[in-house]
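Participant: Each chain, written out:
Protein chains: 2
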Amino acid sequence: MEVTNKYIAIRSHIDGAPRESDFELKTEALSVSNEPGCNDVVVKTIYVSIDPYQINRMKKFSSSQKTSTFAVAITPGQAIDAFGVGRVVASGHPGFEKDDLVAGLISWGEYSIVRGGNMLNKLDSMGFPLSYHVGILGFSGLTAYGGFFHICNPKKGEKVFVSAASGSVGNLVGQYAKLFGCYVVGCAGSQKKVELLKEKLGFDDAFNYKEETDLKSTLKRYFPEGIDIYFDNVGAEMLEAAVANMNIYGRVAVCGVISEYTDTKKRAAPDMVDVVYKRIKIHGFLAGDLMNLYADFFSTTTDYLRTGKIQVIEDISHGLENVPSAFIGLFCGDNVGKKIVKVTDDYN
Amino acid sequence: MEVTNKYIAIRSHIDGAPRESDFELKTEALSVSNEPGCNDVVVKTIYVSIDPYQINRMKKFSSSQKTSTFAVAITPGQAIDAFGVGRVVASGHPGFEKDDLVAGLISWGEYSIVRGGNMLNKLDSMGFPLSYHVGILGFSGLTAYGGFFHICNPKKGEKVFVSAASGSVGNLVGQYAKLFGCYVVGCAGSQKKVELLKEKLGFDDAFNYKEETDLKSTLKRYFPEGIDIYFDNVGAEMLEAAVANMNIYGRVAVCGVISEYTDTKKRAAPDMVDVVYKRIKIHGFLAGDLMNLYADFFSTTTDYLRTGKIQVIEDISHGLENVPSAFIGLFCGDNVGKKIVKVTDDYN
Ligand SMILES: NC(=O)c1ccc[n+]([C@@H]2O[C@H](COP(=O)([O-])OP(=O)(O)OC[C@H]3O[C@@H](n4cnc5c(N)ncnc54)[C@H](OP(=O)(O)O)[C@@H]3O)[C@@H](O)[C@H]2O)c1
Ligand SMILES: NC(=O)c1ccc[n+]([C@@H]2O[C@H](COP(=O)([O-])OP(=O)(O)OC[C@H]3O[C@@H](n4cnc5c(N)ncnc54)[C@H](OP(=O)(O)O)[C@@H]3O)[C@@H](O)[C@H]2O)c1
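Quick mapping for you: the protein sequence lines, in order, are chains A and B. Under full-length UniProt numbering, the first residue of the first sequence carries the number 1, and numbering increases by one thereafter. Under full-length UniProt numbering, the first residue of the second sequence carries the number 1, and numbering increases by one thereafter.
This is chain A alone, in the form it adopts within the complex:
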């Protein structure tokens, strides 16, 4: 069987901020087998996730590329693997059948051949929209949940600061922290996002970091009693300012440093005298290491969804051709909540 596949590739390595011209939409003829024993699963993409970490895979070199199977370098011209939800169109793998809904590592393309069904799972939507399984019930949710509860080790009443707080991971960190009983302040890049945080998501307070000139004093204003936990999505000056305002025994979960991804000159230089004397822990983590929390995360989050305790913030574009702009937009703050592209209109 042969299918015509369209997919997004990079033309060459990208070392600064990504631009439209860095990407191309390619067409290939995929010859797919559903012979039992070949173990291939052919998946038609429904929703695909748009994530900042992909930029680190697109660089000519980044130390990140050697650290996990998710983070390996992307080759120009080749399909780009990404988390998503799709439907099986052909399977030579005993674990999957035609028409199965699946979630896992597919690609920024219309079709993906998943060898050995690797990193793919059959999906029971459980009555939730399929897009939820890309965001809140997928890796963004696990990252927020595991990062907050496992890495930050919160206590009720603690003061929590979240950056990129209206983003996919950040909005959930703030919501989990509020539901747990923390005081939560978030920052984001526009007034509209700030309102969303305060009015819809229940953050105690929020500010637009683009309107602040001295982040250290800003955080002092928002946390007169100091910060106990900083969930870092952006790095650089924000991380420095958070450490300066941290209480003793403060914890920083370094989830990501998006402001440093596209600008190698940007670096956080937190005051290490603070780190020593305040006994601060700065802890980088990857959600892939937190799979042992998955069952707990999933049951807690689906309960919150069913009881309306957690809000779902999604930002969905339509059409494979819009993957590059969706991706580029992450680095300009275009997205509000989880950025997803719906690749086919065949399913709701």
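Please note that a few of the clues may not be correct.
A pair counts as met if it fits within one copy or between any two copies, since identical chains are not told apart.
[As the list claims (entries may be wrong)] With a Cα cut of at most 35 Å, we get these calculated DSBU-like pairs of lysine-lysine: (1) 266 to 220; (2) 265 to 122; (3) 210 to 98; (4) 60 to 220; (5) 122 to 178; (6) 66 to 266; (7) 26 to 309; (8) 66 to 156; (9) 192 to 156; (10) 98 to 216; (11) 156 to 198; (12) 198 to 266; (13) 265 to 60; (14) 216 to 266; (15) 192 to 59; (16) 98 to 198; (17) 198 to 66; (18) 26 to 66; (19) 59 to 210; (20) 66 to 220; (21) 60 to 178.
FYI, nobody ran anything at the bench for these hints, they're computed from the structure.
Dock chain B with the ligands against the given chain A, drawing on the hints supplied.
Facilitator: For chain B with the ligands alone, kept in the frame of chain A given last:
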């Protein structure tokens, strides 16, 4: 009863590197009571500890001054409390008697009045030289032991890097790590120190950081398989280079950042992309929080001493008037091992 006390004070706050002219030797008449109920303990200093952290207490302002009772600001003209060993000359406290040997918080002076016997303990020398109780069996030892075993969470065979490795804390970290079964490389500021590390202390390797121009490549040479644990005593470029050479799940124990104490422009800007993707933990700590490990530390270390498994490296000056130069020397690398001043010649 009245005693004439001599003590070292700072003339005014010190914000850069300390100089002789920043200090003065003062004389005061101390009127001391040994009335039962007054609870004062008057201690004659034998050995006093010379420690880098005192510089942070001497600054006009440092965030460190608000974080622990040990770290509070020093007032110009006043006596400077410091860890040491002495003998009780008068006591109104039921727990102490004249002639008791004691260890604890006394001062850079000939005599100290310890109100309420606070932070003072009766000392059983256990047959060890009294100076050991200031260094290897005192806070330097606990810092090295607790910092290494509790904060770094080592596994046998892991690769450990220690900076200021010939210093008081550093030399012990290296020795504990070797005895535990790690591969250990240290750095220090002279060829003589490097030889000491390799030949007397059993480090697997060592280098003189002052002869290196690119610390990142230096560490790559000494750790072709990467660093699992970095015990940081110096901060700045050394911390950056260690993070760059770290393996996944690497740990940094930030014990101190001496190169940043006297130069506020010096900062470590470790690559946070490494921190995230390699899931690195950077963990500041204070030995004062590790008192629960004291019994374990003390019995392990006295065993090592009795069986000759651990070497004691001390650097002792004589006379109170030499406290300033001993202290200043810490920031120039003058000391080899634990810096101590013997204040009186009355005891051996
Ligand atoms: N460790 C893990 O396993 C893991 C997993 C998922 C994600 N992450 C990391 O978590 C972070 C958030 O990811 P996400 O998927 O939730 O993306 P996201 O937050 O939904 O999208 C990125 C957001 O970052 C903000 N941003 C972009 N450039 C910025 C800059 N220079 N300075 C400050 N903010 C900037 C923008 O919002 P504003 O309008 O607020 O600027 C943008 O909307 C990223 O660093 C990502 O790499 C890590
Ligand atoms: N966290 C805690 O509870 C705790 C407790 C005790 C000590 N500490 C910290 O641990 C570190 C070591 O303390 P220590 O008592 O063992 O002192 P030490 O190492 O015995 O003495 C300081 C040594 O640091 C090195 N040094 C000085 N300036 C330097 C610079 N600019 N760059 C690189 N190295 C420099 C010098 O050796 P070289 O010849 O090698 O340059 C010097 O001999 C300090 O940072 C201290 O604040 C922390």
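Participant: Hint by hint, note whether the structure agrees.
Facilitator: Hint check:
{"no.": "1", "hint": "266 to 220", "result": "both (23 Å within a copy, 23 Å between copies)"}
{"no.": "2", "hint": "265 to 122", "result": "neither (43 Å within a copy, 55 Å between copies)"}
{"no.": "3", "hint": "210 to 98", "result": "neither (49 Å within a copy, 66 Å between copies)"}
{"no.": "4", "hint": "60 to 220", "result": "between (39 Å within a copy, 21 Å between copies)"}
{"no.": "5", "hint": "122 to 178", "result": "within (32 Å within a copy, 49 Å between copies)"}
{"no.": "6", "hint": "66 to 266", "result": "both (21 Å within a copy, 30 Å between copies)"}
{"no.": "7", "hint": "26 to 309", "result": "neither (42 Å within a copy, 66 Å between copies)"}
{"no.": "8", "hint": "66 to 156", "result": "between (37 Å within a copy, 24 Å between copies)"}
{"no.": "9", "hint": "192 to 156", "result": "within (29 Å within a copy, 53 Å between copies)"}
{"no.": "10", "hint": "98 to 216", "result": "neither (56 Å within a copy, 52 Å between copies)"}
{"no.": "11", "hint": "156 to 198", "result": "within (20 Å within a copy, 49 Å between copies)"}
{"no.": "12", "hint": "198 to 266", "result": "within (29 Å within a copy, 38 Å between copies)"}
{"no.": "13", "hint": "265 to 60", "result": "both (16 Å within a copy, 32 Å between copies)"}
{"no.": "14", "hint": "216 to 266", "result": "both (17 Å within a copy, 19 Å between copies)"}
{"no.": "15", "hint": "192 to 59", "result": "within (32 Å within a copy, 44 Å between copies)"}
{"no.": "16", "hint": "98 to 198", "result": "neither (45 Å within a copy, 65 Å between copies)"}
{"no.": "17", "hint": "198 to 66", "result": "between (39 Å within a copy, 33 Å between copies)"}
{"no.": "18", "hint": "26 to 66", "result": "within (27 Å within a copy, 60 Å between copies)"}
{"no.": "19", "hint": "59 to 210", "result": "both (27 Å within a copy, 34 Å between copies)"}
{"no.": "20", "hint": "66 to 220", "result": "between (38 Å within a copy, 16 Å between copies)"}
{"no.": "21", "hint": "60 to 178", "result": "neither (40 Å within a copy, 39 Å between copies)"}
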